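Full structure from sequences and hints, please.
Spelled out, the chains give:
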Amino acid sequence: MNATRTTSSANDAVSTAEIDASCRVPLFTLFVSAAVWLVIASVFGLIASLKFHSPNFLSGCAWLTYGRVHPVATNVLLYGFAVQAGLGVALWIIARTGQAKVAQPWLIGLGSKLWNFGLTIGVLGILAGDSTGYENLEIPRYGVVFLFLGYLLVAFFSLITLHNRRERALGPSQWFLLAALFWFPWIYFTANYLLLSHTPIRGVTQAIVAWWYSGNLNFVWFGLVGLGVLFHFIEQLMARPLHSQPLALLTFWTIILFASWSGIPHSAPVPAWIPAMSTVATVLTLVTALSVMINIRRTCGRGCSQTENPPPGKFIAFGTMAFVVAWLMNALAAIPEVNSVTNLTWYTVSQWQLNIFGFFAMTMFGAIYYIVPRVTGLEWPCAKSPRHHYWLAAIGIVLIVLPLAIGGVVEGFNWHNLKMTNVDVAKNALNFLRISTVGEVLILLGNLMLLGNLIGLSVRYYRIHFVPAYRQATAKLKPVEAKP
Amino acid sequence: MKYGPLVFLAAFFALSASWCGLVLAPQVQLGRAIQETNSVMRTDLYPAGRPGVARQGLDVYRAEGCVYCHSQQVEQQGTLVDVVLTDAGKNSNAVAKALEDEQLGTFTGPGLAAGLPKPVERNTSLEKASALVNLLKKAGANSEMHLVPIGTDIERGWGARRTVADDFLADSPVMPGSQRVGPDLANVGARLPDVNWQLMHLYAPRAVTKDSPMPSYRFLFEQKKIGKEPSPDALQQLPKEFAPGDGFEIVPKPEAKALAAYLVSLRADVPLYEAPLTPPPPTTNAPAATNAPAK
Amino acid sequence: MNPSVNQPMTSASPNDSGAKDTTVPIWLIVVLFLLVYWGAVYFDEHGGWFDSQVYTPYVSAEQVKSFQVNGGPNPFERGRQVYAVTCYVCHGPNAQGTPGTFPPLAGSDWVNEPQPGRMIRIVLQGFSGPGLTINGQPFNTGSVMVPWNSFSDDDIAAVITFVRGNKDWGNHAPPVTPEQVHAIREKVAKHSASFTPTEILQINPAE
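Each protein sequence line maps, in turn, to chains R, X and Z.
Read in order, the letters of the first sequence correspond to residues 1 to 484 in my numbering.
Read in order, the letters of the second sequence correspond to residues 1001 to 1295 in my numbering.
Read in order, the letters of the third sequence correspond to residues 2001 to 2207 in my numbering.
By construction, these hints were calculated from the structure, which means they are not laboratory data.
In this text the structure is predicted, and so the values were computed from the model without any measurement.
Quick look at which bits of chain Z chain R covers, simulated, 3 or more residues with Cβ under 8 Å:
no., segment
1, 2025-2031
2, 2045-2059
In silico BS3-like pairs for lysine-lysine, Cα to Cα no more than 27 Å straight-line:
no., chain 1, residue 1, chain 2, residue 2
3, X, 1257, X, 1228
4, X, 1118, X, 1097
5, X, 1228, X, 1240
6, X, 1118, X, 1128
7, X, 1257, X, 1240
8, X, 1097, X, 1137
9, R, 427, X, 1240
10, X, 1210, R, 419
11, X, 1138, X, 1090
12, X, 1224, X, 1240
13, X, 1240, X, 1225
14, X, 1118, Z, 2065
15, X, 1253, X, 1210
16, X, 1210, R, 427
17, X, 1253, X, 1225
18, R, 113, R, 101
19, Z, 2167, X, 1137
20, X, 1240, X, 1253
21, X, 1128, Z, 2065
22, Z, 2065, X, 1137
23, X, 1138, Z, 2065
24, X, 1097, X, 1128
25, X, 1240, X, 1210
26, X, 1137, X, 1118
Quick reminder that beta carbons are idealized off the backbone N, C-alpha and C, glycines included.
Next up, the structure:
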C-alpha cells in the first residue's frame, strides 16, 4: 500500500509539512471559534439545566428564560461547535489524504468568520425573542444568510482542495466527507427557503420540513462527517486500512438512504404514511449501527487497547461506542411499541445528546488533539490536559445520557399511568434531570480545558513565529559599511 | 466508487428520495389542499382561524419558546363505539328482549321507553355496534352509534380526538413540539377556557397549580399602583402570597393578554372526516372546567 | 503524549484506498432483508397507502369511511352549508329569489328537471342574458350569475342535491353525484363565457 505513496512523494513537490502549513490559517479560525462556541454552549446548557432545580432561577429576565436559553444552547452546540469543528477536521483529512495543499486558505478563514458573524447575530436574535419557532432552525433569517454564505465559502474551497488531490483514489472516509459537503447546503437551503421566505409553505407541512431537516442534520450530516473522521483516524491510529470497504459502502448507503427519512414521530399530526415511512427507515438504520460496529471492531482486532492509550485514541474509541449506542437507541425508539413510551420524553433528549456530544463532539476532540500539534509543530501547553478533558467529558456525558434515558422511559410509562397527575409526572422526571446537571458541569470544565489549551497554543505559536519576525522587521538597521 | 462524481451522484439521488418523500409529497398533498379551502369540506368551515389578538399570541408563544416544554399533538390509540337508543319504537318489550338475548343486561320495555336517548352498549367495536343497530332496527327501534376516541392522552383530558393536519391550518409557524415537560396544549382552550386563569398561571404558576415546575413569566406583567379605579385588566383572585401589596395591582402587558388569548383559542375538538367522533351533547351548564374559577 | 508528535505520521498512515475488499458478513445482509420485509409489511398494514385522510390509529381509507356513522358528511346537509355561504346571498334563505332581479329556485321547472345536466352547467359556468322563462313566465333580469367552478365536485354535487331535493321548497328532483359534476366539468372546460338561456336549452339535459 505504500508503493503509490512513495512514488507520488518522490515526484511531488508538496510535502506533508507544506500541506500542514496551508491548513494553519483556516484550521486555527475554525477550531478556535468552535472551542469558543463550545464553551458558550455549555454555559447556556448549564443555565437551562439549572432552571429545573428552581423554576424561578433567572426567570425575571426575558433574555434568560428557558424558552430562549435552551434553543441558544442547542444552536450554538450544533452550528457554532459541531459544524465548524467538523468542517475543519474534514478539510485537514481532505488535504492530507489527497496530498494537496488547501486551496485559498484565507477565503476559508473568511467563510468561518462569516459563519461566526451570522451565528452571533442569530443567537442575539433568539435571545431577543426572534426565534423562528422551528427546532434546530431557530436562527432568524438575517443570521441564516451569513451562515449559508460562510458555509458555501468553506465547502467550496474544501471541494477545490479535494479536486486538486494527487492521490486520485477516494477512500471510505472521503466518500463520507464529500457526500456531507454536498448534503448540508441542500437541506439548509431547502428548509430555510421553505420556512423563512416571504411566502412560507403553510400548515403542517412546515413541521414536516422542520422534522426532515432535523433528521438530516442530526443523523445524516453529523453521521457522515463523524464516521468519515472516525474511519480516517482509526486507520491512522491502527496504522492499517479499514477491515472491509464493502461494509463501509453498506454503512454509507444505509445512512444516506434510510437516515435521511428519519425523525418524524409516531404521534405527528400528519397522514399515517409519513410517520410509517419514517418509522420503517429509522428501524433500518439498525444496519448502519451494526455495520459500523463490525467494521471498526474487526479493523482494531486485538489492538483495540492500543488506540485507547494516547488521548486522541481514547476520544476516538469513545466516539465509536457512542455512535453505535446512539444509533441503536434511535432505531429502537422508532419501533412503534417503544415509541409510544419514549416519544416526547427526556429519552429523545438523551439520545440526541449521546449522538451530538458523545459521538460527534468526542470524535472531533480526538481529531483536534491529533491535528493541532501536527499543524503547528508545537506540543500542547499542558500535556496532561487532553487526558483530563477526556475523563471529564466521558463521565459528564454518561451522567447526562444515562439518567435522562432512564428518566425518559420512566416518564413515558408515567404519562400512561392515569393515576399520576401532570405535575407528578413532570416532577418525577425532573429528579433524573437534576443528576444530569452534574454532567453539564463536568462537560463545561472539560470544554474550558480545550479552549485554554487552544489559546495557550496560539499564544506560544505567536511568540515563536511572530515575535522574532516582528523584532527582526523593526530592529534598527545596522549601518552598512561602505565598500571602498 | 472511486471518484468524486460517483459519490456526488449517489448522495444526490439518495437525498432526492427523501426530499421528494418528505418535502415535495407532503407539500403536494397537504400544502395544496389547504389553498383550496373556499370549499366547504365538512358541515362547518374548519379551522375558523384565530382572532387577531390570538394570532399575536402565537408570536409570543414562539418567542418565549413555549414549544420546548409543551407539545401540541394528541395521540389516539383507537376508536370505540357506544350504541345509544333514541327511539324504542312501538313494541319496546320486543326491543328489551332483543337486548337481553344479546346478553347486554336486564331490560324492561317500559324502562327502555323512558329517559331516551339511553346508551345500551358501551365501548364496543364498530362491527359489533353496527350489528346491534341492525338488530334493534328489526325490533322496530331506532339507535345511533356514538364514536369514542380512546388513548391515554385523551383520558388525561388533553383532547377529544387525535390532532390532525387541519388543526394547524391557520397557524404559522406550526409548533407541534418535541417534548412534554408539561402537559399537551392542543386543547388547552377547551380544558381551561378562563382567560383570568391563564393569566394567573403565567404570572405565578404555583398560585393555581401546586408544585408546578413551570417558570413564572412575571416580565409579561406590570405592577401598578391602583388609581381612582382598579384596572379592568388586572388579575383577579390572586392568592395572598402571590399578590402585590395593598394599593397595588398586577396588570398584564399586551404580550401576556395575547398569549392568554392564543391559549384559550387552542381547541382541536371538532369532528372531522379523518378524525371522527361524536361530540358530547351540549350541557346546560357552561363548559366549566373544575379548576377554572368563574370570572 | 506521543513524543514523536512533530513528525508527520506518513509512514504509518495507510492509504484509504488500500482498504481490503473483505465482503459484508452474510448475516448482516440477512438482517437487512428481514428488516426490509418487516418494513414492507408494517407499511402495508399501517401506512394507509399514502391517503391524505388516513391518520393513525386508522389504517386504511375504507376503515376511515366505515367510521362515518350517523350521517358523517351527508351530501344533503353539506349542501345546506354550501348554500348558506354562497347561493343564499342572491337566491335568499327560502330560495324565493328577488322578483325582477334574482330568479327563484323553489318550485322552478329549471331546478326540477329530471336530468341535472343544465343545472350543473349553470352552476359551473354561470348564467346570464335575456329570454329567461321560469314556469312559463318570462323573467327579465340584468343580473349575471358568476361561475362557481372553483368549488370541488363534491361541494357542487352536494349543493345541487340540496336544492333539487329540498321538499320544504317544493322541489323533488333526484340527487346528483360528484361523478356527474366531474364529467360535465370536463365537457364545459372550453366554454369560457357564462351560458345564456337559448344556448343552454339546446343542450340535452341528460348529457
